[in-house]
Each structure stands twice: as structure tokens, then as C-alpha cells.
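In order, the protein sequence lines correspond to chains B and S.
The numbering used here numbers the first residue of the first sequence as 1 and each following residue consecutively.
The numbering used here numbers the first residue of the second sequence as 502 and each following residue consecutively.
Errors might be hidden in some of the hints.
Partial list, computed: chain B residues near chain S (C-beta under 10 Å) [as the list claims (entries may be wrong)]:
(1) I82
(2) S209
(3) S280
(4) A283
(5) R334
(6) F337
(7) N341
(8) E343
(9) F351
(10) I367
(11) S370
(12) L373
(13) Y382
Result set (SDA-like, lysine to any residue): computed pairs, CA atoms no more than 20 Å apart in a straight line [claimed, not checked]:
(14) K39(B) <-> Y430(B)
(15) K384(B) <-> Y773(S)
(16) K397(B) <-> L270(B)
(17) K580(S) <-> I367(B)
(18) K380(B) <-> N597(S)
(19) K580(S) <-> G379(B)
(20) K384(B) <-> I645(S)
(21) K580(S) <-> K39(B)
(22) K580(S) <-> F351(B)
(23) K879(S) <-> K975(S)
(24) K555(S) <-> S374(B)
(25) K975(S) <-> G921(S)
(26) K85(B) <-> C539(S)
(27) K384(B) <-> E395(B)
(28) K555(S) <-> E235(B)
(29) K580(S) <-> S374(B)
(30) K85(B) <-> E748(S)
(31) K353(B) <-> N597(S)
(32) K363(B) <-> N717(S)
(33) K384(B) <-> P965(S)
(34) K380(B) <-> K518(S)
(35) K580(S) <-> Y378(B)
(36) K363(B) <-> Y582(S)
(37) K580(S) <-> S375(B)
(38) K380(B) <-> A891(S)
(39) K85(B) <-> Q113(B)
(40) K39(B) <-> R497(B)
Keep in mind that the hints were calculated from the coordinates and are not lab data.
All values derive from a computational prediction rather than experimental measurement.
No residue lacks a Cβ here, since even glycine has one placed at the ideal position from N, Cα and C.
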Amino acid sequence: MELFRLSAGQAAGGIKSREFSAEEYVCQLLERIKKVEPKVNAFVTVNSEEALEQARALDKKIRDGQDAGALAGVALSIKDNICVKGLRTTCASKMLESYVPPYDATVVRRLKQAGAIIIGKVNLDEFAMGSTTEFSRHGPTRNPWDISRVPGGSSGGSAASVAALECAASLGSDTGGSVRCPASFCSVVGLKPTYGLVSRYGLVSYANSLEQVGPVGRTVEDVAAVMNVIAGTDEHDHTTAAVGARPVYSAGHDGGRRRQQQQQQLRVGLVKEFVEGADSAVAKVIHSAMDTLAKQDCRCEETSLGAVKYALASYYTIAMAEASSNLARYDNVRYGFDDLNPEGYEWNSYFAKARSNFGEEVKRRIIVGSYVLSSGYYGKYYLKAQQVRSILRKELKSLFKHYDVLIGPTMPILPFKIGEKIEDDPLKMYLVDIETVVANLAGNPAISVPAGFVAAAAAAGDDGGLPVGLQMMADEFQEQKMLDAAFLFEGAAKVQRSPEL
Amino acid sequence: METKIGLEIHCQLTGVKSKLFCSCSCDYRGKGANANVCPTCAGLPGTLPLLNRKAVECAGMISLALGCKIPDEIAFYRKNYFYPDLPKNFQLTQYNAYGITSIGVEGKLEYGDGGSKSTRIRRVQLEEDPGRLVYEGGSMETSIYTLIDYNRAGVPLVEIVTEPDFSDPKDVRLFLDKVTSIIEHLEVCDTKLEGSVRCDANVSVGGGGNRVEIKNVSSFADVEKALRYEITRQRTMASRDIEVKAETRHWDDARKVTKESRTKEEEQDYRYFPEPDIPAVVLGSEFSSSVMQLMPELPDARKDRFVLDYDLSAHVAQVLINNKELADFFESALKTYHSPKEIANWIVTDLMGFMNEKEERLFEGLKIGPEHVAELAKLVDQNVINRATAKQILGQIVKTGEMPSSVAKKTRASMIDDAGALAQAIDSVFQSEKAAVQDARRNPNAANFLLGKVMQLTRGRADPKAALELIQKKLSEPSS
């Protein structure tokens with residue numbers, strides 16, 4: 001039996017019922033990782049020994065009849081900007097090459113408590129700044145559907161490792177689409193929670209006011225299961241909302257039953273601005289996704305979100321401003337990397353020397369971010385960007401009076417070739433985030449669900465085609481509605497499959 | 502020439518046990534380097550600040566005591582600059598340029614004799630202290646390497662900024678005394694701890710003169726000196742038509758002069774922006790009243806009470822209040838023996854003479870407690886010893902810590918309370934001083950001479966009042 005193909009739910013079920021042991025399951029995944037990593041390069045660190053130890057301990061717990069937890073034995077990969085105690089956390093940067101955190105992020109602690117096994121740390125764009133996972137100290141991660149293409153980013157390692165069957169699920173982080181973009185490019189499910197629903201304690205900050213940790217899985221059900229474990233108020237994070245008891249999400253047929261009981265149609269709004277800017281092949285998939293939903297008795301119509309045109313400018317202003325300050329602490333004085341002896345430096349020149357080891361994209365964002373915060377420009381840029389945010393929030397609020405979910409493509413384009421966009425004007429790369437940044441600016445939850453495959457034009461030899469993701473966005477803290485819609489679509493569209501590697 | 506002086510006072514909230522954004526202890530003095538440090542105050546990647554509500558409460562007390570308004574909502578800003586003592590290379594503080602976010606604004610403090618003077622308080626803000634840089638083997642200039650101790654990083658700090666309302670350095674000292682007494686009374690800051698209070702001053706001489714900032718003044722006592730020096734320097738320059746540069750100068754404690762900063766501090770752009778990890782803190786209208794409830798008695802109220810309840814003079818009350826340690830000593834002594842005027846006088850006129858005002862702690866090196874002074878006052882009140890003897894005893898017990906009664910017994914200093922013994926002494930003086938006795942019979946004032954002789958004979962142990970009565974009685978008797 002190929003255990004590595006199992007969904008998180010199936011794996012936990014099998015391990016708890018002692019159909020197979022957690023150790024067998026983890027062993028198979030480690031073999032799979034060994035086999036496909038040379039092609040995919042999703043992992044920065046494989047946590048083999050400890051994962052096996054954890055698995056054995058869990059097996060013993062189950063034999064002893066103890067409660068093994070909701071995610072018993074489920075192997076997850078963790079984006080390398082989320083702290084796991086004792087495991088190197090590099091953020092794919094030279095600046096944190098030898099940094100080993102002395103504490104677990106809250107999300108990691110909760111996963112461990114639920115019986116999950118941390119199988120390794122996965123690749124990203126340096127400090128989560130990028131949309132392709134090319135800006136990494138550890139080399140680019142490749143798209144399992146076509147290894148000459150990018151997996152999306154910045155949580156490219158998360159999505160690729162899940163798509164390539166190297167783990168059942170993963171935790172990524174989403175600042176401007178970093179979970180949803182790679183989920184779309186790799187044909188897996190990726191969710192960005194409502195701001196404040198999931199703790200950021202232990203997530204290395206890129207842009208604090210925008211980002212959330214979010215799960216990646218192969219099914220909507222798995223993503224909901226991980227959410228059940230990681231969501232909820234955290235005393236270590238003032239920005240977590242007082243949601244009271246841990247929210248419990250379900251993804252299953254009960255969503256349909258709930259609607260039937262309440263005699264409610266699911267109201268779906270297709271945001272025309274999202275489709276207009278997309279490639280025609282992508283737009284076609286999204287239109288047929290709307291047809292699929294309509295056939296499922298959803299009330300579908302086209303709608304408009306005018307403030308989208310200001311979203312990218314606002315997003316990059318805020319993200320870079322916050323980043324410029326967040327990344328100031330990386331000076332190699334307290335932790336960092338090993339090979340820069342401070343002997344002979346005055347501290348100012350040491351800081352400059354050490355900080356020259358950031359990658360080009362990170363430097364670019366630090367410089368722009370410092371500029372927009374400098375005295376005299378604050379009102380012109382940062383404050384204005386915040387005003388756009390509240391306009392966007394208001395507009396969305398009023399739309400969600402009429403719709404349960406707003407949909408559009410997650411990415412306006414198909415996964416492109418590695419190297420295709422980084423040589424170019426960096427602004428062009430920023431443009432691909434146009435669909436995703438809206439949810440971060442407004443704080444709303446959003447999910448990317450596989451919507452179909454299209455053949456890459458002019459790309460000879462492409463067999464199955466390239467993935468397209470459908471993005472669904474819901475009102476604040478309406479994750480359940482969004483999961484219901486995603487589950488409904490997933491079941492009807494039937495696009496879930498795995499790449500040949 | 503008009504002189505304008507403004508102050509920036511920093512005081513550590515040592516009364517709050519833990520740091521401003523994590524649960525590490527604030528008590529770093531005498532601890533090993535980097536012993537009070539956790540992932541959060543070390544600024545490790547992924548950590549988030551958690552606001553200490555107790556610190557907000559203490560800063561609220563200071564704001565109210567300085568007559569400030571407390572806004573309904575406060576927030577924190579990042580002040581971005583690179584320095585090795587900052588674990589995050591930014592400091593969390595408060596900032597009012599884009600709307601009021603600091604805990605206190607627009608206050609006013611009266612000080613001086615009977616509150617005859619006043620200074621406006623621009624703002625009171627809450628912020629984190631940076632770590633401490635240790636220059637091994639000397640100063641920043643001479644040391645070849647620097648050690649960093651982050652024990653202090655994150656200790657809650659309150660910054661009090663005044664308007665430039667002072668013109669006389671002496672007023673600055675009176676103001677600082679008052680502020681010290683207030684924060685001592687609020688029990689938010691132990692001002693006696695080294696480095697717990699710091700003061701920067703800015704001064705400009707002559708209308709529109711450039712502003713010079715004086716830093717590195719390590720004690721409040723030196724602020725007045727630094728200002729006097731700086732005013733003289735600026736006046737001298739002005740009188741010679743030399744322009745005073747707008748600059749930051751450092752106080753040289755050893756040479757008692759202000760010096761141009763060796764390291765050129767260029768105009769910094771701190772790129773302030775609101776801390777995204779701490780949502781705005783809504784205090785609401787109840788905050789002020791609930792903090793008011795928590796506030797202990799403030800110096801002004803205590804002084805009024807001393808005058809009213811204990812019948813002390815305004816001056817004596819003020820001297821006691823100026824230093825909370827003295828006022829507490831006084832009230833503690835009253836618990837043992839309730840004679841407020843007597844005890845207050847002993848403290849203010851006699852005991853203070855033994856105190857070294859240079860010492861941070863007034864009672865440093867003195868072995869005397871409130872119970873000693875209480876007993877001393879009692880012995881005098883009850884005529885067991887006279888005032889002169891009491892003074893001698895005081896001089897002795899501040900060094901030894903013995904109780905006054907036991908010293909009095911040991912040195913046989915107790916009054917001769919035996920009427921027979923006293924009469925004997927008087928008889929003997931009448932025998933030897935016949936001429937003076939004759940004189941005194943005609944001139945009652947001359948009786949004092951006889952009293953002196955009696956005191957001499959008894960080595961001061963006679964109760965002068967009783968002795969004088971006996972002498973007068975004896976003089977009025979027909980001579981034998």
C-alpha cells in the first residue's frame with residue numbers, strides 16, 4: 001500500500017485504528033522525499049530522526065490506549081519561516097543560516113499536541129518575499145507538474161511538498177497570497193485565515209499587519225482539519241481575535257445539509273475585475289467553475305470590486321514599510337550566520353557588512369520600505385495606503401451583504417518557467433499578486449481550490465497541462481461558509497489528482 | 502537675555518516587577534550579564550510583544566500626578582534606528598505627531614514654596630529601555646571591544662517631557678525634587694537605584710538662540726550644575742558675538758563641564774510608524790478614575806496633612822516631604838511615640854546633620870531607626886535627660902545603633918530625680934557662693950548664676966527647671 005498517497009484524514013484514521021503504524025507511514029514518506037527531492041527541491045531540512053522518534057512514541061501511545069490527537073501521526077511540512085524548537089529556521093536567507101529557534105511557534109505547538117509529526121522545513125522566497133520560490137538561498141523549488149516551472153510562492157515548498165506526496169499537509173504563511181499562489185500553481189488547496197484567527201507567534205515577521213499562517217493540503221477536508229488545530233486565540237499574540245473557544249470547522253456533506261435546513265442557496269459573486277486582468281485560458285477555467293457552482297444550485301452572478309485598482313500599490317507600500325523595520329534586527333550580532341568575524345569592525349560598518357548578505361529582492365523591499373516611512377513621506381505613502389485599506393474593507397463589507405463568497409482566479413496567469421520573470425523588471429513580478437492581496441489588505445479569509453488544468457500554449461511536450469486555481473473569499477470569520485463552498489466545488493469539479501514524478 | 506530650559510526625564514518603572522513586553526524580571530542590578538533575557542526581549546525572530554498592563558497603570562498614575570490628560574486610546578510606535586543595545590534595532594515607544602498616542606498630555610506641575618511656580622508638561626510616554634553597553638577597560642573611545650548586556654532591554658521606562666518653561670537652574674532643581682518625591686510616593690520607581698532616573702535638558706539663551714541639548718547627566722543633583730555651566734558658556738559666546746551651535750553636548754561628570762559630543766550625531770530619521778503587533782489600547786473613560794483609586798497619597802496632600810494633623814510648620818513639613826524616606830521615617834517614629842513636633846524637630850534640625858546628602862540613600866551608614874528617635878523624644882519629654890544630653894546621645898547612637906535609654910543609663914546621664922540629692926547639691930552651692938547668694942536675694946536675675954553652678958556640680962544631670970524652683974524657694978527663705 002502506498003501510504004504516502006493518503007490524505008491527512010485517511011492517515012490519521014489508519015494509524016488510530018492500527019491498520020498501519022505511524023512509523024511505517026513516516027518511513028514511506030521519508031523514502032518518497034528521498035526519491036522526489038532531487039527533482040522538486042521542496043525541503044530545506046528533513047527532520048528524519050526526530051520524525052521517526054515522534055512516530056514511534058505515538059504508536060506506543062496508541063497501543064497504550066491513550067488519546068493520540070486529531071492529527072495522530074499526520075506528517076506535515078513547515079515553511080522555513082515558522083519556528084520549530086531545535087530545528088534550523090533559515091527563512092531561506094544567508095542572514096539566518098545558522099539560526100536554531102529555542103521555542104515552538106504556537107501553531108507548531110498545537111500541531112504537536114494534536115499528534116502531528118513535523119517531517120521537515122520547506123523552502124520559500126527569502127523572508128517570504130516573492131511569488132515563485134526562486135529567491136531562496138537553497139535554490140528554487142520546482143513545480144511538481146512541470147519541473148521546469150515555478151511552484152509559485154512564497155510558500156512554494158509547502159505547496160510542492162504536498163502536491164509531490166512528500167507529506168499530507170503543510171503550514172505556509174500568506175502575506176499577500178503566499179499560501180494561495182503556490183496552492184494554485186501546484187493544484188492543491190491553500191487557505192489564508194481571517195487576520196487574527198491564527199496566532200503569528202513564532203512566524204518570522206515579514207509584514208505583521210497583513211500575514212497569517214495558513215494550511216496547505218490536498219483536500220478541503222484536510223485543510224479544515226488543520227485549521228481546527230491551529231486556529232484560536234493565543235495569549236502570546238495580541239492580534240489574535242477573542243474568538244473564545246477554538247472554532248471547529250467541518251468540511252463535508254453537512255455543509256449541504258446545513259444549507260438545506262436553512263433553505264438557503266449559496267450566493268456566489270464573480271468579481272469581474274479579477275477575471276478581466278487574467279489570461280484568457282485562466283479566465284475560461286474560472287467561468288466554467290462558476291457554471292459548475294451554478295449547477296450545484298448556487299446563485300451565481302457577476303459583481304464588481306472597484307477598489308481593486310489601488311490594492312497592489314497599497315499592499316506593497318504597507319508590506320515593504322513593515323518589512324524594512326521587521327528585518328532591521330538581522331545584524332548578525334545576536335544570531336545569524338557564522339563566517340563574518342567582527343574583529344576590526346566598528347559596529348556601524350559591521351552592520352552594513354553583515355546586512356549586505358540579504359538577497360536582492362529583500363534589499364529592494366527594505367530600501368523602498370525605508371523610503372516610504374521617511375519623514376515627510378509618511379502621509380503621502382503609508383497613511384494613504386492605510387486609507388485604501390479601509391476603503392477596500394468597506395467595499396467588501398457591503399458586497400458580503402449580498403454574497404457568501406466572492407470568486408475569481410487565484411493567479412491571473414499559468415505557472416511560468418523558472419527564471420522567466422526574475423531577470424526582468426521586478427515590478428512585473430509584483431503584478432501577479434493582484435488577485436490575492438485584497439484578502440490580506442482587508443483581513444478576510446480566502447482559499448484557493450484546484451479548478452482545472454490547461455495546456456500551456458506553445459509549450460511542447462506538456463501532457464496533462466498546468467493547474468489553475470479558483471479563489472474564494474468570504475467575510476471576516478466566515479471560514480465555515482467558505483469551506484462549505486470549497487467542499488461543494490471540489491466534489492463537483494473533481495480535478496484533484498497527483499503529478500507523475 | 503531670556504533663558505529657556507526644557508527637560509526630558511526618564512524614570513524606570515522599577516515598581517513593576519516584569520518588563521514592558523515580556524515576563525522577564527526588571528531586577529537586573531547585580532545579576533549576571535544576559536540573565537534576565539527571553540526570546541521576546543532578545544528580539545528573536547517570530548516573537549511578539551505582549552503589553553504589560555501594570556506598566557500602563559503606573560504610567561497612568563504618573564500622568565495623573567503631573568496633571569496630565571489621559572486619552573481614551575493609546576498606541577505604540579516603532580522608533581527605528583540601528584544601535585547594538587537595541588535587540589530589534591527599533592525601540593517601542595509612543596509618538597504624537599500623527600495623533601495623540603501617549604499616555605499623558607498637557608499637564609502642569611506646581612512646585613517651589615507653596616506651589617509658587619509651575620511648569621507645563623508636554624507629554625508622558627511609556628517606552629522600553631535599551632540594553633546596556635559595557636566598554637571593557639574604559640570608554641567607548643579606548644575600549645577595543647564592547648560587551649552587550651540585554652538584562653535592561655525591555656524594562657519599562659516613562660519619559661516625562663516638559664515645555665521649555667524654566668529660566669533658572671535652581672527652579673529646575675526644585676522641580677526635579679518634586680518629581681522625585683512624586684514618583685517615590687507613587688511607589689512606581691525607586692529613584693535611589695543607580696540609573697533608575699535620568700535627565701536630559703535643553704537650553705537656549707536669548708530670544709531665538711539655538712537649542713543645545715545636554716545629555717549624560719547621571720544624577721538629578723548635577724542637572725543644576727550642568728545647566729549653570731551651559732548658560733554661562735552660551736552667554737559668554739553671545740557676548741562675543743559667536744553663534745551658539747544647535748548641538749548635543751555631554752556632561753563630563755569629572756570635570757563638571759559640558760563637552761561637544763565626540764561622535765557626530767547626525768540628524769536621525771526615526772521612520773516612526775505604529776507597531777502592528779500591538780493593537781491600539783482602549784483605556785476608556787473609567788481608566789483615569791480607576792487609576793485614581795489605586796493612587797497612594799501624593800506629596801502635596803501629605804504635606805497638608807502633616808501641617809493640619811501634626812501641627813508642623815509648613816517649612817518642617819516640606820523638608821520631610823521632599824524626601825519620602827524622611828517622611829516615612831517620621832510617621833513610623835510617631836507609631837512608637839506620638840509627639841509629632843518634637844520628633845519632627847529632632848529629624849529636621851539634628852538627625853539631618855548626620856546625613857550625607859551626597860549619598861543616594863539618606864540613612865546610608867547610619868544605624869538609627871525611627872524607634873531610636875521616638876525614644877529620644879520621649880526621654881526629653883519626660884525630663885529623663887535634658888536636650889543637651891540628648892544631642893550627645895544622638896551623636897553616639899547614629900554610629901552604634903544602641904537604644905537612647907541604655908546609653909543614658911550607662912553614662913549615668915539620667916537626671917537627678919531624687920529631691921534629696923538635688924537639695925544637697927544646692928546647699929553646697931549656697932555654702933560656697935555666699936556673695937552670689939546675697940546678690941541674688943536683691944536681684945532675681947542673678948539666680949541663673951547659681952543654677953549654672955548647680956548644673957556644673959551635677960555635671961548637667963540636674964533637671965534645670967526643678968533646680969531653679971528649689972533655688973528660688975531657698976532664696977525667699979529668711980537667711981540663716
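Status of the hints after comparison with the structure:
1. I82: holds, 7 Å
2. S209: holds, 4 Å
3. S280: violated, 39 Å
4. A283: Interface hint status for A283(B): violated (35 Å vs cutoff 10 Å).
5. R334: holds, 6 Å
6. F337: violated, 13 Å
7. N341: Since the shortest Cβ distance to chain S is 12 Å, the answer is violated.
8. E343: holds, 9 Å
9. F351: With Cβ-Cβ at 6 Å, under 10 Å, it holds.
10. I367: Hint violated; I367(B) Cβ to chain S Cβ min 12 Å, cut 10 Å.
11. S370: Holds, about 6 Å.
12. L373: With Cβ-Cβ at 4 Å, under 10 Å, it holds.
13. Y382: Since chain S brings a Cβ to about 6 Å from Y382(B), closer than 10 Å, the hint holds.
14. K39(B) <-> Y430(B): At roughly 27 Å apart (the allowed maximum being 20 Å), Y430(B) and K39(B) break the hint.
15. K384(B) <-> Y773(S): With a Cα-Cα distance of about 15 Å, the restraint between K384(B) and Y773(S) holds, given a limit of 20 Å.
16. K397(B) <-> L270(B): holds, 16 Å
17. K580(S) <-> I367(B): Holds, at about 17 Å.
18. K380(B) <-> N597(S): Given pair K380(B), N597(S) holds - Cα atoms ~18 Å apart, limit 20 Å.
19. K580(S) <-> G379(B): holds, 17 Å
20. K384(B) <-> I645(S): violated, 47 Å
21. K580(S) <-> K39(B): violated, 45 Å
22. K580(S) <-> F351(B): holds, 18 Å
23. K879(S) <-> K975(S): Answer violated: K879(S) to K975(S) is near 31 Å, above 20 Å.
24. K555(S) <-> S374(B): violated, 33 Å
25. K975(S) <-> G921(S): holds, 14 Å
26. K85(B) <-> C539(S): holds, 14 Å
27. K384(B) <-> E395(B): Status holds; Cα separation ~17 Å.
28. K555(S) <-> E235(B): holds, 16 Å
29. K580(S) <-> S374(B): holds, 11 Å
30. K85(B) <-> E748(S): violated, 48 Å
31. K353(B) <-> N597(S): violated, 35 Å
32. K363(B) <-> N717(S): violated, 36 Å
33. K384(B) <-> P965(S): violated, 87 Å
34. K380(B) <-> K518(S): Violated, at roughly 41 Å.
35. K580(S) <-> Y378(B): holds, 14 Å
36. K363(B) <-> Y582(S): Measuring from Cα to Cα gives roughly 17 Å; hence the hint holds.
37. K580(S) <-> S375(B): Cα-Cα ~12 Å, so holds.
38. K380(B) <-> A891(S): Distance of about 75 Å is beyond 20 Å: violated.
39. K85(B) <-> Q113(B): Holds - the C-alpha atoms of Q113(B) and K85(B) are around 14 Å apart, at most 20 Å.
40. K39(B) <-> R497(B): Holds: K39(B) and R497(B) sit about 19 Å apart, inside 20 Å.
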